[in-house]
Every structure is written in C-alpha cells, then in structure tokens.
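Engineer: Just so you know, the protein sequences line up as chains A and B, in that order. Sequential numbering of the first sequence, starting at 0, is according to numbering that gives the first Met the number 0. Sequential numbering of the second sequence, starting at 0, is according to numbering that gives the first Met the number 0.
Just so you know, the hints here were simulated from the structure itself, not pulled from any lab data. Beta carbons: idealized from backbone N, C-alpha and C, even for Gly. Worth double-checking, as some hints may not be accurate.
[What the hints assert, rightly or not] Stretch by stretch, here's where chain B covers chain A in the computed footprint (C-beta under 8 Å, at least three residues):
(1) 66-77
(2) 99-105
[To be verified] Using 30 Å as the maximum straight-line C-alpha spacing, the simulated DSBU-like pairs for lysine-lysine come out as follows:
(3) B:K159 <-> B:K61
(4) B:K159 <-> A:K17
(5) A:K147 <-> A:K17
(6) B:K155 <-> A:K17
(7) B:K218 <-> B:K45
[Said to hold, decoys possible] Computed footprint of chain B on chain A, listed as stretches where at least three residues anywhere in the stretch have a Cβ under 8 Å from a Cβ of chain B:
(8) 81-93
(9) 172-181
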Amino acid sequence: MDSAFSAADLSAIWLTFKLATVVTFILLLIGTPMAWWLARTRSGWKGAIGALVALPIVLPPTVIGFYLLVMMGPDGPIGHLTQSLGMGLLPFTFTGLVIASVFYSLPFVVQPLQNAFESIPERALETAATLRATTLDTFFSVVLPLAKPGFLTAAVLGFAHTVGEFGVVLMIGGNIPEQTRVVSVQIYDHVEAMEYGSAHWLSAGMVVFSFVVLLLLYTFNPTGRRK
Amino acid sequence: MKSARLVAMLFLLVVAHAAQAGGQITIAAAADLKFAMDEIVSLFGKAHPAERVATVYGSSGKFHTQIRQGAPYDLYFSADIAYPRALEADGFAASGVQAYALGRIVLWRASRTVKALSLNDLADPAIQRIAIANPRHAPYGKRAEEALRAAAVWDKVEAKLVYGENVAQTAQFVQTGNAQIGLIALSLALSPELSSQGSYTLIPDSLHQPLEQGFVITKRAADNPLAQDFSRFMRSPEVRAIMMRHGFVLPGKTR
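Isolated chain A (complex conformation) (with noise of 0.2 Å):
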C-alpha cells in the first residue's frame, strides 16, 4: 500500500459529501411536510402514499437504476420535460445523481419523522392553538423541539444511505469523476482494476465513518425510550 489516497480518490471522497449534504438538506425541505401529513391525516390514500414512500427500501437498486435511466433518457417523460426546460438530460450528471437519491433515500428520512410525528400528543398541538399559535409558529415551537430527535435521526439516516448508494449509481451515472464517481464506484474499479490496496482504504474509511456515524447518532439520540 503505497499512498492512501490518490487525487481521484480524495476527489470522489468530496463528491459523495457533496451528494450526501444537497442530498439530505433537499430531504428534509421534502420529507417534513410528507412526513407531517402522513403523521396527522386520516385520509384513505394514507396506506397508498406510505407505501409508495416506504417501495425504495424494498426494490432492488437496478430496478430504480433501470427505470430512472429509460425516464431520464431523451424519450421519457422526465427526459422530455429536462429537456424542454433547456437542462439537457439528466443521466450521467451531478444534477441526475441528486434526484436519483433524494427518491432512493426518500423513506429513511419520511419514516423517522412520521415516527417522531406520530409520537407527538394531540393535546400539545391543541394547547398551542388555544394559545393563538400559527400553524407555524405552532411547527417551530412545539413541533420541532418535540420532534427533535427524529430530525436527527432522518437527516442522519439520509446522509448515510446516501453514502451507501452504488447500484442505482453505477446504472445511470456513467462513472464520470468530479460528477458521478462517489466513492462506492471507485472502490469498485479499484477491485476490478485488482488495486486492492487502493481499495482497502477507501473501504475501510467507509467502515470506519459508518460506524462512527451510528455510534454517533445511538449515543446522543436513544430516541423512543425515554418519553
């Protein structure tokens, strides 16, 4: 093993930080009010939306790869629409990768907050409307200290599978470094290209920060057990 990391390494460690970060921040703006909703509604589409939320977890990353690569491409929808709009195609871009997480990391985020939602008590909310809160004064002081530990966790949760992505990468990004080669992709070209050492340390590095992270987040955040 010579050196650690090389230029393309420390490149594609930045990229996946990068992706991770816009990523997390766009989830959260999103997840908050799907979250909320799916929280408090007592509509019949609830089961629907909660499981077309939760289909990530369960679908294999080719089949989100497959069919974001034929609807990003020139003749699918999203393709058309990307196009129209003067954006060009989504494939094989930093702009397509984003999108591509936001929906693959979508329920790792919904699902802590519907959970931390859930959890809180009607009558705080109706306290605060006999007290004359707003809507959102009522989300920023009650809501949000309540639910706390539920942002946490999503944004935790989001950030990290996001940096754990790599079949729905490798089907549309194109391997291009400075745009879409993450560091998942990189560690796998590095064993396929047998440089083993190379891939040791990213790999390891990868260990290492997902442990980190969820030591992190399990020791200032047992969440539930306490309420």
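Mind docking chain B on chain A? Use the hints.
Structural biologist: Here is chain B on its own, set in the frame of chain A:
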C-alpha cells in the same frame, strides 16, 4: 408430521435431481460474447442432452478476480487474453490458454443513418455524450481509449465520455439514448437487438492493440470431462462459423 415428511421428500427430490444430472459446467464469458456464446452453448447442448451448461456474462476483469478467489467457473472466456494468461501463470488454470478470436470495436449509434462516422466526428459539439467501457478494467474500454488517442481526438472528447462497467452496459447507455454514440464491440452491434435499432462504423484496427481473446479451463474443472469436451468443441468448424458470423476474427485468419 405430514409437512415434515413433505419437506423431506422435496429435499430428496432436489438432491436426486442434482445427482441424476449428467456432467455440468459453468462458463464465465466476457460480455461481448453474449450472443455468440448463447448460440454455441445451445448447439453444444444438442450434442450433450444429458449435461448442463450454465453461462455467466460480465466483465473479463471481474471474472479474473473472482476465479482467483475460488469462483465456481469451469471455463473462463476473456476479452483480453492477458487475464487467462495471468491465471495460468499463477496456477489457477487446468489447461493452456487458447486464443479463440480477435474482437473489433465499432462506433455505434441508435439511429439507422447512412452517413458513416469517423472518430474525428466525435469532436463535433452536437455530440454531447460518448460512451466507452471503463478503460481501467474492461478490455474494450482500453482499446477504445487507444483508438481515440491514436486518432488524436482524446483531448477533445475526454470531457464527453461516460464509462460503462462493461461493454454491454456501454451499448445500453447508447441504446437508451442517454449517450449519442458508443465505442462498443462489433459482436454486440451485430446482435439482433442492436442491429435493428442502430448503425455502426468499424474502427480501423490499426489504431489499437489487437483485442486478442482467450479462454482457459480453470483448476476446479481439471477432472471434468465436459469442460474438455467444450474446449474441443470451440475448435469445431460449426463454432468457428458462429464466431465469424458474430463479428469475431478468428486466430490465424487475415483481418
């Protein structure tokens, strides 16, 4: 009790089925062989109705690594003869390496146009994405990179390149329209699926090292007569005809 007996019977059935079958081999073959090998195996199967031949397609580099780690493949067909030679040198092979074909690369696009393309056309700004197999480990990718460099267009096209994990995925990037052009194996461009959807231009083989392909019988199949049979079958006139029809140049023939 009844269900336990049923499970036991099912188990015995499965075991009996596995035991009763004649010889069995698993072939790991480079992705460019997909269509030719399917035909060869089906022909071989007619002469060996009691035996089972399973095929696995993928990147030559991956199979090479897997065989070193004890993967259960009995024959290994590589798009780059260097991989089986390395296996032989390190004692993972039960036969000498046999060259079976030379591969050719083509420019392929998913439209039936008459105008022939050249490598120099790839610099055209209208072409935004060009797919090649990953030159780090896919033989067709290595040769594609050599050809692009030899044609002195590498610097102009490098930013447009997208890399397939193997040559079949490279073709699929173009087939789905996500890349306009791909540098793929002639054997894939000639397949029924791709030939009905697109057109190809042969890349002069003077622009790259030969894509010399070879196979070996792996160590685990040293005592498997079926593996020997298949190896011999590869030299038969029928197989040579199939290979030629699929765009492979046979060793010893002029290109």
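Engineer: With reference to the structure, classify each hint as holding or not holding.
Structural biologist: Status of the hints after comparison with the structure:
1. Counting residues of the region 66-77 of chain A whose beta carbon lies closer than 8 Å to any beta carbon of chain B gives 6, which reaches the threshold of three, so the coverage claim holds.
2. Check on the region 99-105 of chain A: 0 of its residues sit with their Cβ under 8 Å from a Cβ of chain B, so the three-residue criterion for coverage is violated.
3. For the proposed pair B:K159 and B:K61, the alpha carbon gap of about 26 Å is at most 30 Å, so the pair holds.
4. Only pairs whose Cα atoms come within 30 Å are accepted, and B:K159 paired with A:K17 is accepted, the gap being roughly 22 Å.
5. Only pairs whose Cα atoms come within 30 Å are accepted, and A:K147 paired with A:K17 is accepted, the gap being roughly 24 Å.
6. For the suggested pair B:K155 and A:K17, the alpha carbons sit about 28 Å apart, so the restraint of at most 30 Å is met.
7. For the proposed pair B:K218 and B:K45, the alpha carbon gap of about 26 Å is at most 30 Å, so the pair holds.
8. Check on the region 81-93 of chain A: 4 of its residues sit with their Cβ under 8 Å from a Cβ of chain B, so the three-residue criterion for coverage holds.
9. Check result for the region 172-181 of chain A against chain B: holds, 3 residues qualifying (beta carbon to beta carbon below 8 Å, three or more required).
Hint compliance for this structure: hint 2 is the single one not met.
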